[in-house]
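One letter stands for each residue in the lines below.
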Amino acid sequence: MKIREIREILRAMEATGASELTLETPDYKIQIKRGGTETPVRVVEAVANPAPAAAPPPPPAPAEAAPPEPEAKAEQAPASEHEDDCPNCVVVKAPIVGTFYRRPAPDAEPFVKEGDRVEKGQVLCIIEAMKLFNEIESEVSGIVRKILVEDGAPVEYGQPLFLIEPT
Amino acid sequence: MKIREIREILRAMEATGASELTLETPDYKIQIKRGGTETPVRVVEAVANPAPAAAPPPPPAPAEAAPPEPEAKAEQAPASEHEDDCPNCVVVKAPIVGTFYRRPAPDAEPFVKEGDRVEKGQVLCIIEAMKLFNEIESEVSGIVRKILVEDGAPVEYGQPLFLIEPT
Amino acid sequence: MKKVLIANRGEIALRILRTARELGVKTVVVHSEADAESLPVLLADEAICIGPPSPAESYLNIPNILSAAIVSGADAIHPGYGFLAENAAFAEMVADHGIAFIGPTPENMKLLGDKATARKIAREAGVPVVPGTDELASVEEAKEAAQEIGYPVILKASAGGGGRGMRVVHTEEELERAVLQAQEEARAAFGNPAVYIEKYIEEPKHVEVQVIGDGKKVLHLFERDCSIQRRHQKLLEEAPSLLPDEVRKGLLQSAVRLAEHVGYVSAGTLEFLVDREGNYYFIEMNTRIQVEHPVTEMITGLDLIRMQFLVAGGEPLKLRQKDVEQRGHAIEVRINAEDPEKNFRPAIGQIETLHWPGGPGVRVDSHLYAGYKVPPYYDSLLGKLIVWDEDRPRAIQRMRRALFETVLEGPGLRTTIPFHKKVLDNAFFRRGAVYTNFVARRMGGD
Amino acid sequence: MKKVLIANRGEIALRILRTARELGVKTVVVHSEADAESLPVLLADEAICIGPPSPAESYLNIPNILSAAIVSGADAIHPGYGFLAENAAFAEMVADHGIAFIGPTPENMKLLGDKATARKIAREAGVPVVPGTDELASVEEAKEAAQEIGYPVILKASAGGGGRGMRVVHTEEELERAVLQAQEEARAAFGNPAVYIEKYIEEPKHVEVQVIGDGKKVLHLFERDCSIQRRHQKLLEEAPSLLPDEVRKGLLQSAVRLAEHVGYVSAGTLEFLVDREGNYYFIEMNTRIQVEHPVTEMITGLDLIRMQFLVAGGEPLKLRQKDVEQRGHAIEVRINAEDPEKNFRPAIGQIETLHWPGGPGVRVDSHLYAGYKVPPYYDSLLGKLIVWDEDRPRAIQRMRRALFETVLEGPGLRTTIPFHKKVLDNAFFRRGAVYTNFVARRMGGD
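So the protein sequences, as listed, match chains Y, X, Z and P. Under my numbering, the final residue of the first sequence carries the number 167; numbering is consecutive throughout. Under my numbering, the final residue of the second sequence carries the number 1167; numbering is consecutive throughout. Under my numbering, the final residue of the third sequence carries the number 2446; numbering is consecutive throughout. Under my numbering, the final residue of the fourth sequence carries the number 3446; numbering is consecutive throughout.
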């Protein structure tokens, strides 16, 4: 269980006025109480299963020798994970599988840098798939808050690429 | 369980004014309380085996075609089951495996009948095992409230035979 | 071969992954968003999401699959069965990218993928096909053809399928009217009145021959009886068949002859109908590994997927036909998430309780795990239970025992297990009286 | 035979139950209070509690077990292994009650159950035993004996066991002092100074021959190598052994000769030590089915428990020796609830997550289910994983793959799986360099 997830639960409890919550899964047990002067948070990681609850998005190389621990894997939630860094941002995801390039050519400037302002329809990056260079355009106008993938890295379908804060 | 789902549950509780919720599935157990200042602690037991209601004692002839449903079977509790009929009673159990006889001979009177008063050490029945007739004596003085086994029926080790209310 | 991309899902993806691991070949499992938590994905060395749940956008998404192979550095692709397994264009594209396709050549697929072309090739190879005609121009032509083929015959709509427009004719007197009616039905159903005639085979057995080739030679790995079907869906398969020895021998030789005729590469299956007199007729060839391949593995001791890998890696088959021995009898049942009480309608859900059988002669091929949610987007196959024993009666007993031990439960979930138990208890089945309409006739099915 | 009482627990009770079901024989499983929720009990046609958890009061409680057989109307008893399996008095009592004992005759057990008597019989049958003496009267006698046997020799305490009081002697010069010291140690440890001499066999393989007899003839079902042991506890077994053909042949013939010599009935195992030169020495015979019998089943395709049932039912063995064929290679690992990191100390608990491997060539014999609480009163065997493949290197790969898939978790639970993975990765093991002190020498064990 990640701190981020606990934070989300706490926020949701606060928002809905919940006073107590206990959640137990094969991997961990969490017990939260709100109100009064003390708000003890107790997370117990199960000993038997030291695997982390949420796995990072798998590709391209998860640990080879890891035994199957289906129950130990939480849902992948790459989008919400990144939303945390910028709650108002739009997540631009890879619409195809391929190699991510930030520049039109090896010696060119990147299409965008963090902090840049982009307009809707502006090219953000290229994904090369089967020798075809596919330009990925921004769906919104705004500020590029975060670039989530390294230049030249492989990306899978649906993988978050950019966080853009609409303006 | 996903954070999103927890958030949804919390929202739904708020919307409907529910104050407490417990949900148990094979994968997790969640318990939520809302509102109030009082926050009674409730520790949840091991989650892997949400044992449901008690099953009747299996022997000597469970259904032939029944598939194994280990998880659906709770601890056998034959004694407590019968104790229910007479909370103050002492349960006389079979100390050996064999055939239960209420009479010393086929044409004789039974050793005891329901409602009879018995003294400690008095013979209650015979269990025949390997051609040997073993007399089973009462450990207490009292009233025979219930005879739990049919005359001539096989009994297993620990099987409740009599309920005797000590006096 | 160092790294294989598995372009499939479910039990067959797991099956391929197992052999790859045993061979020391790394695995890349591509998957849709709905399969992110599937067992093959969890066990893979690498997993790459290739699209949303819809098969058209994921498991049939050739660009994304090829890109996944390229970015992961896979040097081979195994397509499993279904999806892209028999897509010659895909196989060609894979080869064009310098990646080994673990399956037949695109040429094999083109020649055998189309039923009409396959029939032609069978005739060339001297393998009997169901006698029949092309489209009939007239009632007179129909009469002549029927005379030649011999009654009973069946009229089929050229544009048809699924049994509609079909009509069995037993005598010449009935023929004229039947042709006219069939044409009328075909026009109504398909907008095309064309019909053709085929010999009608009563109570046929569906027997298929497993072959494997390396482009130079083809071996048969004996045959399977897959007569226990419901609406052309196989439910229970066994090997060997109960055909008389001389019929078996001819069947096996015919299958090898046909596969050799096209220089067949990799594992493939030739399907035949066998009538009560022991005449067999080639219907079609499946140019891929099949769901029911484990029964063949159980009686031969061979690992078919491993053989596919080795052949695709360029190794010629070391085995000679006389080294391929059969031993005992194997039965496979398909455990589908379908409710046999409700006309086999899909009944999927989460797997809450899972307990597979074990002990001697029992094999389980399933991608399930306790807690797994069966996604609703794909086929309903939950797993296959395969048993082996010294002979058919004992194998039947073993399968009954194994099904007795199996627990597969969850809210809303129903499986074909009760159906299989009934088949195994059926006296006709037990004495081997099986044919393709067994389920309809003996099991009160349709 | 209509109804069998299974006088055992755990995986072997389940193993027997499976075969009984396949034979259409009803099952009565007797159990202690601690095993009321065990899988064999849940799957049995009838279950009868015979006592409290303590084995002495339940699984060794002859009166209650016999009573259970009588009241349930069982006409046969299978004792499994351990508990009463090799108790001749029990076998006699079972027979006296007109119930078939599924195992050897009481006479077989009496002749072979005692190590000294068994050695005598082996000599009569012309089967080599480890050369050695009776109790030594003097140092002189020891010198003469050692001379005859040839150095190195080992001194053992007559009253001893478990390695205490043992002393390896390489030359005559060392002998006198060694005898005196050994006597002193024996006196201190066992209150009895008597010692004897045996030939010391360096790096022996533990190879055992599976036999089955019907009282008239005895067949061997090939041999198993069980050299991977820790403190005389077998951990991994395989079949066939890697012995040279001529050694194997002699070993198998010797085993049959010895078993025939006593008119052996049912399944039994003759244990041998084999030295580096290929000399083999009979040690003892186990007059019961063994934990590791599945590896023999995998290479022969025979069901040993079924054969036991048939022989006990009075059927002569139909099989001839030449019909018994071996095929491929099988390996079994014992999955115990022990922590290999902590000197194999028991580490039992509740089974929270359970996922067994599947696919080709994988067999699981285990009484576990998800949620099962392993009782602390009995042995730590959780199950056996057995694989088969065409040859030993492939079988090793398959076992590695199968262990990779296995998940067996719960609070406090540790298993021998990590140990087995290390053995399978060990280069010496992989090239077959195994002997009884392999674990101590190569695995850093003791």
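The set of hints was computed from the structure by calculation and includes no laboratory data. Note that this is a predicted model, so its numbers are computed, not measured. For each residue, glycine too, the CB sits at the ideal point set by N, CA and C. Heads up, a few of these hints could be off.
As the list claims (entries may be wrong) - If the Cβ cut is set under 7 Å, some of the chain P residues that face chain Z in the computed set are: (1) Arg3018; (2) Arg3021; (3) Glu3037; (4) Gln3147; (5) Ala3370; (6) Lys3373; (7) Pro3393.
To see whether the hints hold, each was checked on the structure:
The interface hint given for Arg3018/P holds, since its Cβ lies 4 Å from the closest Cβ of chain Z, which is under the 7 Å cut-off. Given the 7 Å rule on beta carbons, the hint for Arg3021/P holds: about 4 Å separates it from the nearest Cβ of chain Z. About 14 Å separates the beta-carbon of Glu3037/P from the nearest beta-carbon of chain Z, more than 7 Å, and the hint is not met. For Gln3147/P, the interface hint is violated, the least distance from its beta-carbon to any beta-carbon of chain Z being 51 Å, above 7 Å.
Taking 7 Å as the C-beta contact cut-off toward chain Z, the hint placing Ala3370/P at the interface holds, the least distance being around 6 Å. Because the beta carbon of Lys3373/P sits about 16 Å from the nearest beta carbon in chain Z, more than 7 Å, this interface hint is broken. Hint status for Pro3393/P relative to chain Z: violated, with the closest Cβ pair at about 10 Å, above 7 Å.
Hints 3, 4, 6, 7, counting from the list given before, are not met by this structure.
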